[in-house]
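Colleague: Take a look at the letters that make up each chain.
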Amino acid sequence: MMNAKKILICDDDFMTANMISQKLQKNLETENTIAKDGNAALKALDSGDYNLVITVFQLPYKSGYDIIQHLKQDKDEKTPIILLTNGLADDVIMNASLMGADDFLRKPYNSIELLIRSRKLLSA
Amino acid sequence: MPLSYIWSATFFFLIGSVFFIINIRFRRWMKMNQQRKAAKYATFIQALLAKAIYQIEDKIDSNLQAIPEVKKLMKLCSDTTIKQLILDELVKITNTFEGKEVKSVRALYFTMKMHTEAIRKTKSSRIQRRIEGIRLLSGIRFSGASEHFIRLSTDSNQAVKDVAIIANIHYAKKPLNFLDDPHTKLSRWDAINIQSQLSKMQSVEIPNFGIWLDHSQLSVVHFSLMMIREYQQYSALKALKTLFRKSDHPTTLKLILHIIKDLHLVEMEPEVVAKLKNGKNFNRKLYVKALYVLDAIGNSEATKLLLTSMPQRLIRNRDTSSKFIKRLRPESEYILTA
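The listed protein sequences correspond, in order, to chains A and B.
Residue 1 is where the first sequence starts when you use my numbering, and the numbers rise one by one after that.
Residue 1 is where the second sequence starts when you use my numbering, and the numbers rise one by one after that.
If you are wondering where the hints come from, they were derived from the structure by calculation, not from laboratory data.
Model, not experiment: these values are computed from the prediction.
Built from N, CA and C at the ideal position, the CB exists for glycine as well.
Keep in mind that the hints are not guaranteed to be accurate.
[What the hints assert, rightly or not] No more than 16 angstroms apart at the CA atoms, straight line, and that leaves these computed lysine to aspartate or glutamate pairs for EDC-like: (1) 26(A) x 58(B); (2) 107(A) x 98(B); (3) 92(B) x 12(A); (4) 100(B) x 113(A); (5) 92(B) x 13(A); (6) 241(B) x 214(B); (7) 72(A) x 49(A).
[As the list claims (entries may be wrong)] Pairwise CB distance ranges, derived in the manner of DEER restraints: (8) 75(A) x 158(B): 53 to 59 angstroms; (9) 69(A) x 25(B): 47 to 53 angstroms; (10) 120(B) x 75(A): 52 to 58 angstroms.
Next comes chain A alone, as it looks inside the complex (with noise of 0.2 angstroms):
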C-alpha cells in the first residue's frame, strides 16, 4: 500500500470509528488513523498529512467547528472535510459549511453514501 491515501476518522465511538475504518480500508484500500477525542485529532492533524478528515461534530474536548478551523483556517489546507451529523440542526450543518465542510452526513450512516462521497473526494 506505498500510494495509500489516508485518512483521519475522528470519533469517540471507537466501533464506529471502526466500522468506518474497516470499510474504507476493505474498498478503497485507505491508510486510516483514528482519533478518539478532540485534542487527539488536532495532534494527529499538525503531525501527519490527510487526505481526508471524517469528523462527527461533538468530540470530547473539541467541537466539529474547531477542527474545521483548525485545518481549514489555521493551517489553510484544502483537505476535505466529511462531517457525522446526529440529529443536528440545520443552521449547525450550514455553519460548519460554511466555515469549511466539505460534506456531510446523518445518522444512521449508510456506508455505501460514506463510500461514495469518500473517493469523490479523495479523487477531487
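For this one, chain A is given, so just place chain B on it according to the hints.
Modeller: Showing chain B alone in chain A's frame:
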C-alpha cells in the same frame, strides 16, 4: 421484658446488619469488577466485531459459525460480562448504521443466539432487567419481539409497561396490537404516552380504532374513542353506532357526542334522537350536550322538538338547556321561542 430477650434481639440485629453490609459491598465489588472487565475488553471486542461484520457481509448466506472471528466471539460469549458487552455493541451498530451492516449484525445476533439472552431478561423478576431485555430486543429490530412487548405491555410495573408500549409502537408491524389482548388496561398516562408516540412517528400506519370499540376494558374503549376523534376516522362509524346504541356509560356517550360534533356525523342523528327520546339514558349534562350536538350538526328541527318535549324528570333543567343552547348558538333563539 427479660434482659436476655433484649440481648438476643440486639445480637440478631447486629448479625443481620453485618450480612446486609457484606451483601451490599459484595454486589458493589461485583459490579465494579464487571465494569473493569468490560473496559478492559471493549477495544478488543469492538475491533473483533467490526472485522466479523465485514466478513459476514461477504458470506451472509453461508455457515457463519465457520468464520474465525465469529467463532472467537462465540467462545468469548461464555463470559456473561463480555456477552453483555457484545450485545450492547450490536445494538449500538444497528442504531448507528443502516443497510448492509445492519443485515450482518442481525445475522450475527441470531447466529450467536443473542435473542434468547434478551428474551430471558424480559422474563426476569427484576424491573431493570426486564427493561434491558426490551431494549435489547427492540434495538436489534427483532421481528419476533412483538409477542414479548405485548406480554410486557400489561406489566404490573409502569416503567416496564411504558417501555414495552413504546417499543411495540416503534418496531412491531402492527403498532397497537397489544390492544387486542382483552386484559389490556390503559391508564390516563398510557393513553397520553401512546398518543404522543403515534404523533411523533411519521411512517406508522394508524389503525382503525373502531375495531377496539367492543373491547372488554372500558379504558381501551375510551382511548379508542379519543383516537377516532383525533384522527377523524369516519371509517369507525358503524362501530360507533353500535356502541352508542348499547352503551349507557356517561363518559362513553360524552366521547361519542364529541366525535359526532367534530366529524359532523349526520348519520348518527337518528341514534342520538332515539337516545334523547328515551330520557333514561342521559343525565342532565349529557342531555344538554346531545341537544347541542344535534343543533351543531344542523338538525334544528330535532333540537326544537326534543327541547319542547323534554322528559318530565328533566323538565326542571329545561331552562338551563335553553340558556345553554342560546349562549352557544345565538341564532338558535327561534327554537326556544317555539
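Colleague: All hints, please: hold or fail.
Modeller: Going through the hints against the structure:
At roughly 12 angstroms between alpha-carbon atoms, residue 26(A) and residue 58(B) fall within 16 angstroms of each other, so this suggested pair holds. Our distance criterion of 16 angstroms between C-alpha atoms is met by residue 107(A) and residue 98(B), whose separation comes to about 9 angstroms. Simply put, residue 92(B) and residue 12(A) have alpha-carbon atoms about 13 angstroms apart, close enough for the 16 angstroms limit, and the pair holds. Distance check on the hinted pair: residue 100(B) and residue 113(A) sit about 12 angstroms apart at the alpha-carbon level, within 16 angstroms; holds.
The straight-line distance between the Cα atoms of residue 92(B) and residue 13(A) is roughly 10 angstroms, inside the 16 angstroms bound, and the hint therefore holds. Of the pairs offered as hints, the one joining residue 241(B) and residue 214(B) holds, with about 12 angstroms between alpha carbons and a cut-off of 16 angstroms not exceeded. The suggested pairing of residue 72(A) with residue 49(A) holds, with an alpha-carbon distance near 13 angstroms, which does not exceed 16 angstroms. Remark: the range hint 53 to 59 angstroms for residue 75(A) to residue 158(B) is upheld by a beta-carbon distance near 55 angstroms.
A hinted range of 47 to 53 angstroms for the beta carbons of residue 69(A) and residue 25(B) is consistent with their spacing of about 50 angstroms. A hinted range of 52 to 58 angstroms for the beta carbons of residue 120(B) and residue 75(A) is consistent with their spacing of about 53 angstroms.
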